[in-house]
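Participant: Sequence:
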Amino acid sequence: METIDLELIRIFVKVIQQGSFSKASIILGIPKSTVSKSVTKLEETLGTKLLLRTTRSQSLTSSGRLFYETCLEPIQVLEDAQRSMTGQDSIVSGNIKITAPEDIGYQIVSPIVGELTQKYTELTFEMHFTNSIVDLIADGFDLAVRIGPLRESNLKARKIGNLDMSLVAADSYLKKHPPILKPKDLENHDVLMLPPVSSKNYWSLVKGKTQVKVPVKTRLVSNQITSLLYSAAAGGGITLAPAFLCRNLLEEKGLIRVLPEWKIKGIPISLVSPIATSSSARLKIVSDALFDTISSRLN
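Each residue of the sequence shown is one higher than the one before, starting from 1019 at the first, in our numbering.
Please note that a few of the clues may not be correct.
Straight-line distance between alpha carbons at most 25 Å, and here's what the computed DSS-like set of lysine-lysine pairs gives [stated by the list, open to error]: (1) K1174 / K1302; (2) K1283 / K1235; (3) K1194 / K1271; (4) K1231 / K1281; (5) K1177 / K1302; (6) K1115 / K1302; (7) K1302 / K1137; (8) K1200 / K1283; (9) K1225 / K1283; (10) K1067 / K1050; (11) K1041 / K1055; (12) K1177 / K1115.
FRET-style restraints, in silico, Cβ to Cβ [said to hold, decoys possible]: (13) R1265 / P1049: 45 to 55 Å; (14) I1293 / I1165: 18 to 28 Å; (15) S1081 / E1025: 14 to 24 Å; (16) P1286 / V1152: 17 to 27 Å; (17) D1306 / A1156: 20 to 30 Å; (18) E1133 / N1180: 17 to 27 Å; (19) A1156 / K1177: 21 to 31 Å; (20) I1293 / T1135: 20 to 30 Å.
Keep in mind that the hints were calculated from the coordinates and are not lab data.
Bear in mind the structure is a predicted one, so any value in this text is a computation, not a measurement.
Just so you know, even glycine gets a beta-carbon here, dropped at the ideal spot from N, CA and C.
Please model the entire structure based on the sequences and the hints provided.
Facilitator: Here it is as structure tokens:
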């Protein structure tokens, strides 16, 4: 069996982490052509295709994904050992690639990352905000904020808590429409919702041990919570949003809580990362900062 050059593996890992040959070449300080040739040589040595490449994108093959997951932690251990030998182990450095839902990304992740860049001058960051679930391993992400039940078994999860959901509407809307005194009254109102939306939509409300399922009439659909809140503030209808995201708008835009004694079942919010990267010092710093800030906002 031919011996594999560890540098080829390190280059391959960087390509996946950075998401492109160009970005990997910048991080590694070598020409893009060298990066490309190194990955090709690694594939030839292994006798299998690791990446499917086009002029604009790349994706891991099943073999490439398995190889990346297997090699990621050993490569990080070797890099940590190198930093230790060169006296750089006390310096928090490197790149952190984060993904989060758009609203949480804008309102929480961005300010935290801004603070961390000032405190840790050798850390660099990439942020990708989307309401779609991304493949952390295939896309080279180190950390993600996830809302809802977790499905992937190959990720390390750290639950932050549950998102309390609030029903809100503008005072101008409530004055023009029938009063809402009980959950059933919602059936006669315009509702602003996140997708997915079907022909029959429901909200499940809880009060003590009582739970009711109310059919609602969807008037507007948006994949952004903030846009729903602004539409509600303009009198568009009633919407459901995480309490900590709409606190400012309750004051600034005249939004009012609807049926405040009724609660929507809390939705889990967690931090997740690939198991192979979860023990790195720089990731722990970022993860702890996000955990502390989000958990304090939930309370």
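Participant: Determine for every hint whether it applies to the structure shown.
Facilitator: Going down the list of hints, with the structure as the test:
no. : hint                      : result
1   : K1174 / K1302             : 12 Å, holds
2   : K1283 / K1235             : 20 Å, holds
3   : K1194 / K1271             : 17 Å, holds
4   : K1231 / K1281             : 12 Å, holds
5   : K1177 / K1302             : 15 Å, holds
6   : K1115 / K1302             : 13 Å, holds
7   : K1302 / K1137             : 15 Å, holds
8   : K1200 / K1283             : 17 Å, holds
9   : K1225 / K1283             : 10 Å, holds
10  : K1067 / K1050             : 19 Å, holds
11  : K1041 / K1055             : 15 Å, holds
12  : K1177 / K1115             : 19 Å, holds
13  : R1265 / P1049: 45 to 55 Å : 50 Å, holds
14  : I1293 / I1165: 18 to 28 Å : 21 Å, holds
15  : S1081 / E1025: 14 to 24 Å : 20 Å, holds
16  : P1286 / V1152: 17 to 27 Å : 18 Å, holds
17  : D1306 / A1156: 20 to 30 Å : 26 Å, holds
18  : E1133 / N1180: 17 to 27 Å : 25 Å, holds
19  : A1156 / K1177: 21 to 31 Å : 24 Å, holds
20  : I1293 / T1135: 20 to 30 Å : 27 Å, holds
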